[in-house]
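A.B. asks: Modelling step: build the complete structure from the supplied sequences, incorporating the hints.
Quick note, the sequences are listed as chains A and B, same order. By this note's numbering, the letter at position 83 of the first sequence is numbered 67, and the numbering carries on one by one without gaps. By this note's numbering, the letter at position 39 of the second sequence is numbered 23, and the numbering carries on one by one without gaps.
Do not take every clue at face value.
One copy or any two copies: either way a pair holds, since identical chains are not told apart in the list.
Unchecked claim - Think about it this way: if two alpha-carbon atoms lie no more than 20 angstroms apart in a straight line, the pair counts; the simulated SDA-like pairs of lysine to any residue are:
{"id": "1", "residue 1": "K60", "residue 2": "S32"}
{"id": "2", "residue 1": "K29", "residue 2": "I89"}
{"id": "3", "residue 1": "K60", "residue 2": "T88"}
{"id": "4", "residue 1": "K29", "residue 2": "Q78"}
{"id": "5", "residue 1": "K29", "residue 2": "T(-7)"}
{"id": "6", "residue 1": "K29", "residue 2": "T81"}
{"id": "7", "residue 1": "K60", "residue 2": "W50"}
{"id": "8", "residue 1": "K60", "residue 2": "R42"}
{"id": "9", "residue 1": "K29", "residue 2": "T88"}
{"id": "10", "residue 1": "K29", "residue 2": "A83"}
{"id": "11", "residue 1": "K60", "residue 2": "L15"}
{"id": "12", "residue 1": "K29", "residue 2": "R51"}
{"id": "13", "residue 1": "K60", "residue 2": "T(-7)"}
Don't read these hints as lab results, they were simulated from the structure.
There are 2 protein chains.
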Amino acid sequence: MQFDREFLTGNLTTLILALLGERPMYGYEMLQEAERRSDSQLRMKEGSLYPALHQMERGGLLVAEWREAPTGRSRKYYRLTARGRRAAASKRRQWETMAAAMRTILGDAGA
Amino acid sequence: MQFDREFLTGNLTTLILALLGERPMYGYEMLQEAERRSDSQLRMKEGSLYPALHQMERGGLLVAEWREAPTGRSRKYYRLTARGRRAAASKRRQWETMAAAMRTILGDAGA
DNA sequence: AACGTGTACCTTGTTCAGCAAAGTATGGAG
DNA sequence: CTCCATACTTTGCTGAACAAGGTACACGTT
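C.D. replies: Written out as structure tokens, the structure is:
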């Protein structure tokens, strides 16, 4: 089951921070990883992802580095700064708080 | 812990449908209920709620009815239509799907 | 009577995230 | 030599939520 795009709104930054908290990745890889791990339910769009990465880089959460792939293609790898790691932890906590609150309401309203 | 408003984005309709799925309520009551049940974590704003209710009414998800409160004040009670009940079930399912997908990513990224 | 407070609803203007759509460029498969 | 997947980027738009303000009434206090 595919959900409306509105459900993703507000979670993009959280998602990016979570992925990069694991290991440095490049943009296109994040798109694929998110889709793969969620059984194709969670599809980030390029037009959302790349601007978000740039903004987060400007905000000092990420740093970028161009690396040569084995294939010869160039890839822009992003990794978290110290600030980014703090933000990742914060976003994760916030997401869990929000999810718990939502569940309370949804749960009360006879499943 | 209070979370950024962006985490609410996209969940307002879901929340309204869940509350009304339980019983008819008036707008101001929904604000209080959501806040009370979530330990003040989930605060809908009037400027978001009322326009959303109007839009959902136009969309045929809700019907409104003015009722006199014991105090003498007038309240506008909303209840779900059949269409609204279907939407409520759908939104709930979608939320759970999204939450599961998010949890997968957040979980993988070393807690 | 006048005032403040909590209830209850509504609207206008703004902002900002995410998206659609399009573009650039490269490597490999056929 | 063409097509497809990879990989990054940008411009312009849309739409949800919000801030801020407004209206009005009931009730308690002074």
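A.B. asks: Each hint needs a verdict: does it hold in this structure or not?
C.D. replies: Tested hints:
1. In this homomeric assembly, K60 and S32 come within 20 angstroms of each other (Cα to Cα) only inside a single copy, at 16 angstroms, whereas the closest approach across copies is 39 angstroms.
2. Only between protomers do K29 and I89 lie at most 20 angstroms apart by alpha-carbon distance; the minimum there is 16 angstroms, versus 30 angstroms within a single protomer.
3. Proximity of K60 to T88 under the C-alpha cut-off of 20 angstroms is found in neither arrangement, the shortest distances being 41 angstroms within a copy and 25 angstroms between copies.
4. When the C-alpha separation of K29 and Q78 is checked against a cutoff of 20 angstroms, the pair qualifies only between copies, where the shortest distance is 19 angstroms, while the shortest distance within a copy is 23 angstroms.
5. In this assembly of identical chains, the alpha carbons of K29 and T(-7) lie at most 20 angstroms apart whether taken from the same copy (12 angstroms) or from different copies (18 angstroms).
6. Within a single copy, K29 and T81 get their C-alpha atoms only as close as 26 angstroms, which misses the 20 angstroms cut-off; across copies the closest is 19 angstroms, which meets it.
7. Only within a single protomer do K60 and W50 lie at most 20 angstroms apart by alpha-carbon distance; the minimum there is 4 angstroms, versus 58 angstroms between protomers.
8. Taking the closest pair of Cα atoms, K60 and R42 come within 20 angstroms of each other only inside a single copy of the chain (15 angstroms); across copies the shortest separation is 47 angstroms, beyond that limit.
9. Taking identical chains as interchangeable, the C-alpha atoms of K29 and T88 lie at most 20 angstroms apart only when they sit on different chains, with a minimum of 19 angstroms there against 31 angstroms within one chain.
10. Taking the closest pair of Cα atoms, K29 and A83 come within 20 angstroms of each other only across two copies (19 angstroms); inside a single copy the shortest separation is 23 angstroms, beyond that limit.
11. For the identical chains of this complex, K60 and L15 are intra-copy neighbours only, at 14 angstroms inside a copy versus 45 angstroms across copies, given an alpha-carbon limit of 20 angstroms.
12. For the homomeric pair K29 and R51, neither the shortest alpha-carbon distance inside one copy (23 angstroms) nor that between copies (46 angstroms) is at most 20 angstroms.
13. Proximity of K60 and T(-7) under a CA criterion of 20 angstroms is satisfied in neither setting, with 25 angstroms inside one chain copy and 30 angstroms between copies.
Going through the hint list in order, the structure does not satisfy hints 3, 12, 13.
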